[in-house]
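**Student:** Two independent chains are provided; combine them into the complex using the hints.
The lines below spell out each chain.
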Amino acid sequence: MEKTGKSRKRLRAAKELNRVVTEYYVECGRAKAEGKPVGWMPPMNGAIEIFYAMDIQPVFPENWSPICAAFGLAERNFEVAEGMGYSRDLCGYMRNIIGYVHGLMKEEGTPLGGLPEPDILLSPGGGCVPVIKIFQALERRFPNAKVYPADLPQVPTEEIRQHHVDYAIAEIHRLIDFLSQATGRKLDQDRLKEVVKLSDRSCELWDEIMTYRRRIPTPFSAAEIGIMFVMVTRQGTQTAVDFLTTVRDEVKEKSAQGLGVLEQEKIRLFWDNIPLWYNMGLFNHFEGMGGVVVAETYSSAWSLRLDVNRPIEALALKSLKSYPMVSCVSVDKRVEMVIKACKEYSIDGAILHRNKSCLPITLGQMDIKRALEAELGIPSIVIDADHMDSRNFSVEQFRTRVDAFMEMLLARKS
Amino acid sequence: MSSELAARFHDAIENQEPRLRTLAAQGRRILGYFCTYTPVELIHASGFVPVRVMGGVRTLTKADTLAPSFLCPYMRAALDKALSGEYGFLSGIVQGYTCDAACGAVRIWERNIPGEIYHTIALPYCDSPSSRRFLLSEIDALTVKLRAIGGTFSEQSLADAIELYGKIRRLILKLYQIRYDERLSIQASDFLAIIQAGFMTPPEDYLRMLEDSAPITGPSVASERGGTRVLVSGSLVEDPKILDLIEESGGLIVADDLCTGIRNFEPVSGFGLDPIQRLIDRYMNRAPCPCRSRVSDRAPFIEHLLERSGAQGVIFLFQKYCTPHLADHPSLVEHFKAKEIPSIAVEMEETGVNEGQLRTRLEAFFEMLR
Ligand code: SF4
Ligand code: SF4
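Order-wise, the sequence lines are chains A and B. The numbering of the first sequence is the numbering used here, which starts it at 1018 and goes up by one. The numbering of the second sequence is the numbering used here, which starts it at 2 and goes up by one.
The following block holds chain B by itself, in its conformation from the complex (with noise of 0.2 Å):
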């Protein structure tokens, strides 16, 4: 299904594993992280190769040996595959605090899976001064930290991790007005492979990358192909088909509120006299997700995006068990009733979609908003 024009980016994360592991091999040094609320500057800067961990489709044979069947299956495979040996090439993990299932694999990965660092940022829920000088105070913890394993942080390296990832962000944004626009020349599961591409691609060649993708920009097949047009919103979306699934049953996704989405490019950068300051009003600012905010902020959010793409309609794609999407979704759909904002849900399990279910749902639902 995958278009040309998309090519590399798949093919950064078929073979992303022997493309690390090189890397790995000629002394560059590799952190994972799971969410996007960690400050992948930061890890840069002090000389690291963030890369955010991926489960991936597969069938799962080690994840039961540690974690109970309702963890989500996201961090399952993840869990699965650093016990398969296929992420040897991390020297630990770095994360920002976000959810139960994210917190507790940070900790079960430093008891079973070898690595320098393991460590949980804790990240302040109330933006103040005192919470922003503790988030400085957790940032210098890290920092510490990563010296000690050979870090090298430095103010510089932070401003030019900054600009870099910044760059990153506005290219990857201005693809997103292109999409609203419905000018973007490639499906979604594409849209999917370039950002999830640059989770596993050192940024800097993930720009050039980017840089090089002029033609995706080019004359639109998605108005071509039609469809109604809809917002995608949950945690990660990791599997492309349920994308495809969704477009072939007559949806056009024009939009998304996703953790494997805009959710990592908004805002593209803070405010503040120096880096680190720069660095924490980001992270205080970061596009809302469930697992650190109220529906009261999500709604307005999704709202915009709603009525900047022209998207009628919204599918939320859930994590199995995921609590904080879960838990939110009740109050969500509740002001979007009111709002007469259509929605519909769907649950990814470990062992995927139930498709010929699905596609009759998603059909009823395209109908519907006609």
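Looking at chain A on its own, in the form it has when it is part of the complex (with noise of 0.2 Å):
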């Protein structure tokens, strides 16, 4: 096994995935061309279904990270960064997105084109500090794109009360004036509705789809994740509710058929932190054993509903609760909720992925292991690695300690 490797993908919706993501891509370009005005902003709150409600092209340098990954571009982002002096130990997406931004952003050829130039940086406050610290950094590298300082209480999902949710609904306020002033666009209502009921109907989707796995056999296991990149760039839009209604009719018809990733699927795993973004194949070495990743704590970020029926508001909750229901904000909340999942999968045995690149994610783990131990005796194995840079992975490690873990968890079972 290679230490970089694509995923063996068995879902005929891969191919449409491809599809997707390249338009994606060119839409943000073409929008560019087009002088439609383009922001850049974070990932997991509810200011992408503003963006789309006023017309504006949403860019996610976080998700452009994965696709550098993929493509195998992230060496040389690394290596532009670091030499700027960023540490080997911030974040791959930090040290990705400031090296692209400063090298291969300057230059022609780039896959998918690319991205385009920001008009609008929706620069955090909230979230992690690598996310806080990457759009700090390209405040100072697009010295022309119009900045919007957001605010956002950090407070664990669990503790929100009703002031955390009016600051995070005078913040959607302030940004959508920003917005109509920076762009000359203004909110419609009705428009407004409309995207955040078809976010609604994306994150419904995306727990139906969830719900397909718990059948034994599983219909589609972690290999086949990428399937979250609307989630990340498309909530609010048709395209995601069409992609993903495609992506369910055909788990659903698999589990119908009784068909799973494997004929013979032994042992039932639970991934925990962000996949191995430049190695999918990781998630296909478990099968020659018999085992399937059928469920991972990164899914749960999009498990929320919206009220459509106020759409502000809803847009607020979903800013408070996606990233701090996968971080360490809230430790108790992800305990509780891979818990349940691990019932609800019926999981065997659980792969705690001690991510270098994300602290965030990182911490609580070892709580996690504790309570799956202690409330359901399902064993869990940690392994090092990064979810973007491959120099602190190392594949015969994990082959010698996964393959120890499969063993014994098959011996538990018979």
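Just so you know, the hints here were simulated from the structure itself, not pulled from any lab data. Being a predicted model, the structure only gives us computed values, none of them experimental. Any given hint might turn out to be false.
Unchecked claim - Just a sample of chain B residues kept apart from chain A, beta carbon distances all over 12 Å, derived:
| hint | residue |
| --- | --- |
| 1 | 12 |
| 2 | 14 |
| 3 | 99 |
| 4 | 146 |
| 5 | 265 |
| 6 | 273 |
| 7 | 342 |
| 8 | 369 |
What the hints assert, rightly or not - With a cut-off of at most 30 Å between alpha-carbon atoms, the simulated DSSO-like pairs for lysine-lysine come out as follows:
| hint | chain 1 | residue 1 | chain 2 | residue 2 |
| --- | --- | --- | --- | --- |
| 9 | B | 146 | A | 1357 |
| 10 | A | 1163 | B | 338 |
| 11 | A | 1049 | A | 1283 |
| 12 | A | 1026 | A | 1360 |
| 13 | A | 1049 | A | 1123 |
| 14 | A | 1032 | A | 1163 |
| 15 | B | 242 | B | 175 |
| 16 | B | 63 | A | 1123 |
| 17 | B | 321 | B | 242 |
| 18 | A | 1430 | A | 1214 |
| 19 | A | 1357 | B | 63 |
| 20 | A | 1163 | A | 1049 |
| 21 | A | 1053 | A | 1283 |
| 22 | B | 146 | B | 168 |
| 23 | A | 1163 | B | 340 |
| 24 | A | 1123 | B | 340 |
| 25 | A | 1283 | A | 1023 |
| 26 | B | 63 | B | 242 |
In this text, a Cβ means the ideal position worked out from N, Cα and C, and glycines have one as well.
**Tutor:** Here it is in structure tokens:
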């Protein structure tokens, strides 16, 4: 097995996904060419729906990083960022995007046309420190972009009170005012409702799709998790709803026919933390021994619903919940969600990716490990790796440890 | 190395555990905090003794069971200490949201170390009437939580606490002024001890210690020692050895931009009609830290300190893996380069620093500055 490798996908929708990804990036480039305002923003918040409703092109530097990893551009980007003095200990998303905007972005011939320059930067206060710092670095790189300094309370989801919601709502109104001034575009309330409805529908479909994974054998594995691309970049569009409907139909059909990733599914696994974007093939590694990764923490970020009748409040709540649900802001909640998922998905063992590039998702992992053991008797294994930087990952070590873990799980089951 | 003058502050640090244990046994309730963005005045006004959780210099044996190796050495050491029972005198942690490490640490402590309250205050990043209203609600929510465990907050007690901490801050800032003028008779490691002692001593007692320390501001030994004037910038410095090393290698630390330094004390207090507004105003206008501000806010602050102190260069002291500081570093260096301000960076690892190598680097740096 190579250090970097593509996954073997089985869903027909995987091909469709390639088209959706390409189209999105083509659209970003075209928006720029046609003079439509382009705004760069962090993922996992309610601003995406506002952008789509106001017909402003959203671009997600954090999503560009997995794409760079998949196209093998990350090494070059790291080299540029590290040459500028960015420490190798910083999150790989940060080093990748900073390296990209100071390097490859200035050259021709980048896959998918590269990213168009921002007219607007939504610079977050809230979320994790790397994402805050990424945008502060982008502010310096693109001095002509109009900067919106955003604010969002960092509060565990279980402790959200009215004043948090009120402030998040006030901030969305401030964002809308800023965007109107910056672009001269007005927000149409009916259009916003439509977008929020589409966004809610994609969440509903997302949950439904995940539900089919509870089936034994599971119709698809974590190797297909690239489908979340539409949740990151396309929430609030018909494209997302159409694509997810296609995926839903396919997995529904597969489940009805009892078709699984493996004919003989022996071990069902849970994956905690971000996948290794440069080596999605790892998810197929378990298959040789009858193992499938059927659920992961990351997917819960989109497991929420939006109240279409109160669109602004719905977006405020989405912003407040999305990131904390999968990070150390809400360790209790995360433990609870993992326990619940492990029960619902009939998990035999968990793989905890101790991610050098993401402290916020890694912190609390040992508590998850303990809780799994104590409450469900589910064993888990900690794997040292990195979601972006392949230099922090050893395939050999991975294989040795995972194989031993699988053998133990198999022995337990027989 | 430490001077007689700073002896009682060193003593306060060394004997903190038995002292605080005794205090707790006598019925005083002690709450820990990690970061200087925590409104200690509010904790004190609610009847608790705020104590800053430090990691200290130690060999870690327990941190690995709960935290990855790439958590900053400070947080790992603090967790290790807590898991070893050395923070048994705390009733919990109240913390202002700063970095991801601190945010996660509060939650991990909550799950693994007994306590009555574990709380993170969601501080706003922007300053506007609506963000101040939000912070007011956050403060109200915290006082309610503190009341639930026996806290006794009142507007008067907050006014008193603000005055008490204001006095302390004023005295420390006076020491800074004397230091800038090179009239301070102690070395940087002693200066650090004076500040650190304040983290772990009830403020009333600490104020008295400071008031009794007039001799420190006596005739200078620093100027006799001489050396190249430098500013140190970073997050926490816990091990005074690193400061000694700098001064032994030919440097004279005349200013700092540390969270075990000036960032605790600037500004002394805030403006407003009532104590809560004054408290809010102070935390909105705090000396900029990379966790919560931009390089464009920090650079002028550091430049002002350089100017005031006559420091000729900056020594960055990083806790390994500390994202906020590491992320700002390249831009700060670029900014300083354009202004011909030389700088050097040192990373402090869990096992300390490689002394020999560091001495050589520092000597070369000071040589260049001369
Ligand atoms: S959440 Fe993790 S991966 Fe994402 S930017 Fe923050 S540190 Fe990096
Ligand atoms: S600011 Fe840096 S040193 Fe301080 S707790 Fe956070 S990571 Fe650690």
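**Student:** Decide, hint by hint, whether the structure agrees.
**Tutor:** Taking the hints in turn, this is what the structure says about them:
no.	hint	in the structure
1	12	35 Å, holds
2	14	28 Å, holds
3	99	9 Å, violated
4	146	10 Å, violated
5	265	20 Å, holds
6	273	19 Å, holds
7	342	15 Å, holds
8	369	18 Å, holds
9	146/B <-> 1357/A	29 Å, holds
10	1163/A <-> 338/B	27 Å, holds
11	1049/A <-> 1283/A	50 Å, violated
12	1026/A <-> 1360/A	26 Å, holds
13	1049/A <-> 1123/A	16 Å, holds
14	1032/A <-> 1163/A	37 Å, violated
15	242/B <-> 175/B	25 Å, holds
16	63/B <-> 1123/A	48 Å, violated
17	321/B <-> 242/B	17 Å, holds
18	1430/A <-> 1214/A	44 Å, violated
19	1357/A <-> 63/B	29 Å, holds
20	1163/A <-> 1049/A	15 Å, holds
21	1053/A <-> 1283/A	52 Å, violated
22	146/B <-> 168/B	28 Å, holds
23	1163/A <-> 340/B	26 Å, holds
24	1123/A <-> 340/B	27 Å, holds
25	1283/A <-> 1023/A	24 Å, holds
26	63/B <-> 242/B	24 Å, holds
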